[in-house]
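Asker: If you're matching them up, the sequences are chains A and B in order. Be aware that the first sequence starts at 187, since it is given in this note's numbering, and climbs by one per residue. Be aware that the second sequence starts at 75, since it is given in this note's numbering, and climbs by one per residue.
Possibly wrong hints are sitting among the right ones.
[To be verified] Partner residues aside, some chain B positions facing chain A, computed with beta carbon under 8 angstroms:
1) I278
2) L280
3) G299
4) G321
5) S340
6) F405
7) S411
8) T456
9) N494
10) N497
11) T499
[To be verified] Derived coverage of chain B by chain A (criterion: at least 3 residues anywhere in the stretch with Cβ under 8 angstroms from a Cβ of chain A; other residues may be distant):
12) 381-394
13) 439-449
If you are wondering where the hints come from, they were derived from the structure by calculation, not from laboratory data. Backbone N, C-alpha and C fix where the C-beta goes; we use that ideal spot for every residue, glycine too.
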Amino acid sequence: MKGIWMLSAAALFVVVTGCSSKKQVSTLDGMGSGQAVTGAIEESGMMTEELDESLVGSSVREAEMGGASGAQSAGPADLVAARMGDIHFDFDQSVIRDQDKPILMGNAQELKANPNLKFAIEGHCDERGTTAYNLALGERRATATRRYLMALGVSPDQVTTVSYGEERPLCTDADEACWSQNRRAHVTAAR
Amino acid sequence: MVNRGARLIPLLALLVWLVTGREAHAIYDLSATRESAGRIPVGILGVTGAAGADNQVLEVNQVLMADLRRSALFHARDLGMRMAEPPEEALGPLQLREIAGSEAVEVMLWVRLEREGARWVLTGHIYDGARGRLTLGKRFVGKEDQLRQMVHRFVGELIYQFTGEYGITRSRIAFVSDLSGSKEIYVMEHDGGAPTRVTADRGISLTPSLSPDAEKVLYASQKSGRWVIYERELASGKSMVSLSAAGLNVAPDWNPQGDGYAVTASLDGNREIYHVVKGRKIRRLTHSSADDVSPAWSPDGQQIAFTSDQAGSPQIYVMGAKGGPARRLTFRGRYNSEPDWSPRGGLIAYTCQDGGFFHVCVMDAGGGNPRQLTAGSWDDETPTFSPDGRHIAFSSSRGGKRDIYMMDLDGGGAERLTFNGANNTNPSWAGPTGR
Numbered sequence: 187m188k189g190i191w192m193l194s195a196a197a198l199f200v201v202v203t204g205c206s207s208k209k210q211v212s213t214l215d216g217m218g219s220g221q222a223v224t225g226a227i228e229e230s231g232m233m234t235e236e237l238d239e240s241l242v243g244s245s246v247r248e249a250e251m252g253g254a255s256g257a258q259s260a261g262p263a264d265l266v267a268a269r270m271g272d273i274h275f276d277f278d279q280s281v282i283r284d285q286d287k288p289i290l291m292g293n294a295q296e297l298k299a300n301p302n303l304k305f306a307i308e309g310h311c312d313e314r315g316t317t318a319y320n321l322a323l324g325e326r327r328a329t330a331t332r333r334y335l336m337a338l339g340v341s342p343d344q345v346t347t348v349s350y351g352e353e354r355p356l357c358t359d360a361d362e363a364c365w366s367q368n369r370r371a372h373v374t375a376a377r
Numbered sequence: 075m076v077n078r079g080a081r082l083i084p085l086l087a088l089l090v091w092l093v094t095g096r097e098a099h100a101i102y103d104l105s106a107t108r109e110s111a112g113r114i115p116v117g118i119l120g121v122t123g124a125a126g127a128d129n130q131v132l133e134v135n136q137v138l139m140a141d142l143r144r145s146a147l148f149h150a151r152d153l154g155m156r157m158a159e160p161p162e163e164a165l166g167p168l169q170l171r172e173i174a175g176s177e178a179v180e181v182m183l184w185v186r187l188e189r190e191g192a193r194w195v196l197t198g199h200i201y202d203g204a205r206g207r208l209t210l211g212k213r214f215v216g217k218e219d220q221l222r223q224m225v226h227r228f229v230g231e232l233i234y235q236f237t238g239e240y241g242i243t244r245s246r247i248a249f250v251s252d253l254s255g256s257k258e259i260y261v262m263e264h265d266g267g268a269p270t271r272v273t274a275d276r277g278i279s280l281t282p283s284l285s286p287d288a289e290k291v292l293y294a295s296q297k298s299g300r301w302v303i304y305e306r307e308l309a310s311g312k313s314m315v316s317l318s319a320a321g322l323n324v325a326p327d328w329n330p331q332g333d334g335y336a337v338t339a340s341l342d343g344n345r346e347i348y349h350v351v352k353g354r355k356i357r358r359l360t361h362s363s364a365d366d367v368s369p370a371w372s373p374d375g376q377q378i379a380f381t382s383d384q385a386g387s388p389q390i391y392v393m394g395a396k397g398g399p400a401r402r403l404t405f406r407g408r409y410n411s412e413p414d415w416s417p418r419g420g421l422i423a424y425t426c427q428d429g430g431f432f433h434v435c436v437m438d439a440g441g442g443n444p445r446q447l448t449a450g451s452w453d454d455e456t457p458t459f460s461p462d463g464r465h466i467a468f469s470s471s472r473g474g475k476r477d478i479y480m481m482d483l484d485g486g487g488a489e490r491l492t493f494n495g496a497n498n499t500n501p502s503w504a505g506p507t508g509r
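Just need the whole structure built from these sequences, with the hints factored in.
Answerer: Structure follows, in structure tokens:
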């Protein structure tokens, strides 16, 4: 792939010729612009800078290895997760609804019966609303669910949270029947 | 790297001229209109090329006319002369003056396309109609897939003659596309040309922020299983983890200096705004029990607008760049989010709700005069100002799938920029406007 959009990344190599008033030549082919036209999607895997503290750290390569989500055979945690039910939320809300509390009680029993297995609670939103706000809302739903499970005696070490915002809808019709299914918290085996 | 602060000085001087209405040579009224009224009349003396270059000439002509129209400065029309020789040699100043007078144009342009081995040479001339003289001649040399870029550069020179800036001709738009099957970061020219994939993360990558010099992109990716901020240099492809705090790390926004960014993170529990300074220090800016997301810097770096649901629904607030008390700016509607501050100050664009749909709104930076720029039974989201503050790009589902569009500041002149058949969202527009 040719990254011609790279051009403006490189300073123009401007030669002012002496022949005529204000006549100039600009070379756009990367000469004089160094590394201008390189493959933009090449994965260099290089770390360019090391930041301090625990916030930061791994190189891209490490992160990519951690992110591999290939086909994995279902483990014991997957089988337990499959028995746990989803709960749902009102639009722009993260409050646990009364009708969903029995579902969480059942989930808490499953979790407590399998204390050595780790799980992640996914928070999801419907398609309406903005990307970043929905990522925040999804996290709010996941943490509200986790907090409720902890109140039911689940160990905090056993469950993490992750937000998918509006990125992983269960269904894609533009109506409330569909949206209400997508506003959910879902338990999976921890990766 | 261009320092944005240093660039602001001539811009402010220009604004003072405009606001005070004082006449200055070569400074024109920049008020944006789509029609010819108020625009500088430009006559095209010819866009021609060597034999066998018909397709390339056609493309150059299309890009030239589109760039001139998009500049909101010029009203261009072809004078029907199709000149193949340099006009100052073929005609001379007296005849050029005569043509400019009878055609009522202030500026005339001439473009010639030649092949030079494997490369192309685009020669562009600019003439002052009143004097009939060449004011700028420039040769651009490059490969065939750089022809669009050559035209952008030439139009940039023309805009520079009148405003002292290059306008949007050197800017780019970063965005998210699911073209490859997963959401990845892409970058394209300001007019939608040369869309190029930047990441191959095969996870979910979102909320890109293009650096002020358009050479780096910050974005949030979930490829590691958690939301982490990555920084990538576009030219080299070098990438690094920039912020990987516990919880969520999303929606970065480069500060105007380009040496740090504001970001949404939840390392202290709920979603708050932080400032990551030079990639080393992280400073917490908000302290509410609500969700504070989507920070956007003011162009002077003194303030940050953001979205907070502290009043029970997402609304836009503004605070100082070092935090402190926040002031609510939006009061209309139950959903106002994703602020973006005009690079010329003065305006904040944001995503608002109208009935069941989301649209682009804009207000004065102090919160006054809110108005809705788009309307219809579809969603328009994530407005981002062009670096010259004359346009707004956004994503829209008006065509079925989501695509990136741009429009004028009054909501008119909407133009679609992406045509890849996929969903394209989260635009971030940036780039140098000065030399």
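Asker: Go through the hint on I278/B and say holds or violated, using the shortest Cβ distance to chain A against 8 angstroms.
Answerer: 5 angstroms, holds
Asker: Are there three or more residues in the segment 439-449 of chain B whose C-beta lies closer than 8 angstroms to some C-beta of chain A?
Answerer: violated (count 0)
Asker: When the nearest CB of chain A is found for N497/B, is that gap smaller than 8 angstroms?
Answerer: Hint on N497/B: violated, closest Cβ of chain A at ~11 angstroms, above 8 angstroms.
Asker: Under 8 angstroms is the threshold here; is the Cβ of N494/B close enough to any Cβ of chain A for the hint to stand?
Answerer: 13 angstroms, violated
Asker: Closer than 8 angstroms, Cβ to Cβ, for at least three residues: run that test on the segment 381-394 of chain B against chain A and report holds or violated.
Answerer: holds (count 4)
Asker: Does the interface hint hold: is S340/B within less than 8 angstroms of chain A, judged Cβ to Cβ?
Answerer: Result: holds, 6 angstroms to nearest chain A Cβ.
Asker: When the nearest CB of chain A is found for L280/B, is that gap smaller than 8 angstroms?
Answerer: Holds. Min distance 6 angstroms.
Asker: Per the CB criterion, is S411/B less than 8 angstroms away from chain A?
Answerer: 4 angstroms, holds
Asker: If you take the shortest Cβ to Cβ gap from G299/B to chain A, is it below 8 angstroms?
Answerer: 5 angstroms, holds
Asker: Just to be careful: measuring from the Cβ of T456/B to every Cβ in chain A, is the smallest value less than 8 angstroms?
Answerer: 7 angstroms, holds
Asker: At a threshold of 8 angstroms, is the proposed contact between F405/B and chain A supported by beta-carbon distances?
Answerer: Check failed: Cβ of F405/B comes no nearer than 17 angstroms to chain A, outside 8 angstroms.
Asker: Return the status of the interface hint for T499/B: holds when the least beta-carbon distance to chain A is below 8 angstroms, violated otherwise.
Answerer: Because about 7 angstroms separates T499/B from the closest Cβ in chain A, which is inside the 8 angstroms limit, the hint holds.
In the structure shown, a violation is registered for the earlier hints numbered 6, 9, 10 and 13, in ascending order.
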